[in-house]
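Chemist: Go ahead and model the full structure; you've got the sequences and the hints to work with.
Under our numbering, the first residue of the sequence shown carries the number 1, and numbering increases by one thereafter.
For the record, the hints were derived by calculation from the structure and aren't laboratory data. A quick note: this is a predicted structure, and the numbers were derived from the prediction, not measured. C-beta atoms are modelled at their ideal positions from N, C-alpha and C, and glycine is treated no differently. Any given hint might turn out to be false.
Simulated restraints on C-beta separations [what the hints assert, rightly or not]: (1) 239 <-> 150: 32 to 38 Å; (2) 142 <-> 204: 32 to 38 Å; (3) 239 <-> 75: 46 to 52 Å; (4) 130 <-> 245: 18 to 24 Å; (5) 272 <-> 246: 16 to 22 Å; (6) 148 <-> 199: 19 to 25 Å; (7) 74 <-> 121: 38 to 44 Å; (8) 202 <-> 65: 51 to 57 Å; (9) 64 <-> 246: 21 to 27 Å; (10) 180 <-> 64: 29 to 35 Å; (11) 246 <-> 121: 27 to 33 Å; (12) 95 <-> 136: 32 to 38 Å; (13) 201 <-> 150: 32 to 38 Å; (14) 32 <-> 180: 37 to 43 Å.
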Amino acid sequence: MPSPSSHPSPAAAARPLDRRAPAVLILVRDLTADVAAFDEALRARGARPIIRRPEALTIRIDGRRPVILEADGSPLTPDACLGWTSLAARDAGLWLLKALEMAGVPVMNRAAVLDAGQLKPTLSLRLAAAGLPHARTLIAGADADPDALIAGLGLPMVVKPCLGTKGGGVGPLGHRAELIARLAEAGAARLPLYLQEFLPNDGSDLRIQCVDHRPVYAFRRHAAPGAFVANLHAGGRAEALTSIPPALARLATAAARAVDAPLAGVDLIEVPGRGPVILEVNMTPGIYTAATLAGPNRPVLEPLARQAVDLLAQSLIRLAGDGLRRRQAA
1 MPSPSSHPSP
11 AAAARPLDRR
21 APAVLILVRD
31 LTADVAAFDE
41 ALRARGARPI
51 IRRPEALTIR
61 IDGRRPVILE
71 ADGSPLTPDA
81 CLGWTSLAAR
91 DAGLWLLKAL
101 EMAGVPVMNR
111 AAVLDAGQLK
121 PTLSLRLAAA
131 GLPHARTLIA
141 GADADPDALI
151 AGLGLPMVVK
161 PCLGTKGGGV
171 GPLGHRAELI
181 ARLAEAGAAR
191 LPLYLQEFLP
201 NDGSDLRIQC
211 VDHRPVYAFR
221 RHAAPGAFVA
231 NLHAGGRAEA
241 LTSIPPALAR
251 LATAAARAVD
261 APLAGVDLIE
271 VPGRGPVILE
281 VNMTPGIYTA
291 ATLAGPNRPV
301 LEPLARQAVD
311 LLAQSLIRLA
321 GDGLRRRQAA
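Modeler: Rendered as structure tokens:
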């Protein structure tokens with residue numbers, strides 16, 4: 001794993017880090033373009049980023065508060081933490097984020113928020129409870145009557161994994177036999193089947209990136225030819241929005257607040273005759289990575305992404321100030 005100073009810009013790397021500067025732990029799965037951008041932005045703002053994978057940390061439980069240790073056994077005392085542990089690092093990262101919280105370290109997004117957001121059934125329940133427009137959803141046990149499910153959603157319907165990311169495993173079910181096969185697979189895995197209504201659209205959706213629950217930039221994602229999902233990691237094409245319509249901005253803020261996620265990527269689809277519908281909320285959105293995947297639209301999207309990264313750095317530094325004051329008062 002690269003050191004905490006991995007891949008800063010030449011200008012940022014030239015500045016010595018003040019050991020008294022706010023220390024922000026970035027807990028990561030891999031060193032991605034996002035992580036490198038966060039590192040650079042925090043350094044530019046005078047903070048001290050500490051980049052670690054979950055495997056690099058040890059928790060000592062000896063007393064009421066856990067103690068965070070480096071791999072060599074030395075103590076690690078971050079003032080704040082960015083929980084950038086995506087679904088692939090769920091098992092390794094969630095409990096560690098919870099331990100950091102119990103050690104008095106403010107975390108964005110909190111472990112419980114990441115946990116709920118990565119579980120699509122829980123996310124749907126939260127959005128619906130907040131009264132937000134969301135696709136009609138059935139979370140079906142494996143013994144469910146397929147005809148009852150079809151009566152509830154119609155055909156085609158959309159199946160998604162309960163735990164999934166980047167559009168993986170998402171697709172349409174157009175026939176009863178396909179639904180029966182999926183129910184059998186769910187039964188074998190002892191998992192529910194997450195089903196949603198099929199929403200007619202032009203093959204595009206909208207991602208609104210939020211920091212501190214507020215929209216900072218947005219882009220439309222267009223599915224690749226023949227693809228069902230518009231995710232950029234699945235070959236989708238990004239088209240930057242120069243401005244976010246106020247109604248959509250309010251909806252994105254409401255969605256981020258409904259799931260208690262200061263950092264969020266809200267995915268919407270605009271349905272003819274119905275208006276915007278929230279598909280889901282991503283708790284570890286590719287704030288800067290989106291620009292790197294934008295292809296010919298990168299020159300337009302990258303300045304917006306960098307601005308969002310800087311706003312996130314400012315928010316994390318404020319959070320670190322809260323953490324430092326909390327530790328000094330303890």
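Chemist: For every hint, state whether the structure bears it out.
Modeler: Hints and how they fare:
1. The hinted range of 32 to 38 Å is satisfied by residue 239 and residue 150, whose Cβ atoms lie roughly 35 Å apart.
2. One distance hint, 32 to 38 Å for the beta-carbon pair residue 142 and residue 204, holds here, with the actual separation near 33 Å.
3. Between residue 239 and residue 75 the Cβ separation comes to about 47 Å, which falls inside the hinted range of 46 to 52 Å.
4. Our hint of 18 to 24 Å for residue 130 and residue 245 holds, since their Cβ atoms are close to 20 Å apart.
5. With their beta carbons about 21 Å apart, residue 272 and residue 246 fall inside the hinted range of 16 to 22 Å.
6. Judged by the Cβ atoms, the range 19 to 25 Å given for residue 148 and residue 199 holds: they are separated by roughly 21 Å.
7. The hint said 38 to 44 Å for the Cβ distance between residue 74 and residue 121, and at roughly 41 Å that hint holds.
8. The hinted range of 51 to 57 Å is satisfied by residue 202 and residue 65, whose Cβ atoms lie roughly 53 Å apart.
9. Between residue 64 and residue 246 the C-beta distance comes to about 47 Å, which lies outside the given range of 21 to 27 Å.
10. Look at residue 180 against residue 64: about 53 Å separates their beta carbons, and that is not inside 29 to 35 Å.
11. Distance hint check for residue 246 and residue 121: the Cβ-Cβ separation is about 31 Å, which falls inside the suggested range of 27 to 33 Å.
12. One distance hint, 32 to 38 Å for the beta-carbon pair residue 95 and residue 136, holds here, with the actual separation near 34 Å.
13. Taking 32 to 38 Å as the suggested C-beta distance range, the pair residue 201 and residue 150 does not conform, at roughly 21 Å.
14. The given range of 37 to 43 Å is respected by residue 32 and residue 180, whose C-beta atoms sit roughly 39 Å from each other.
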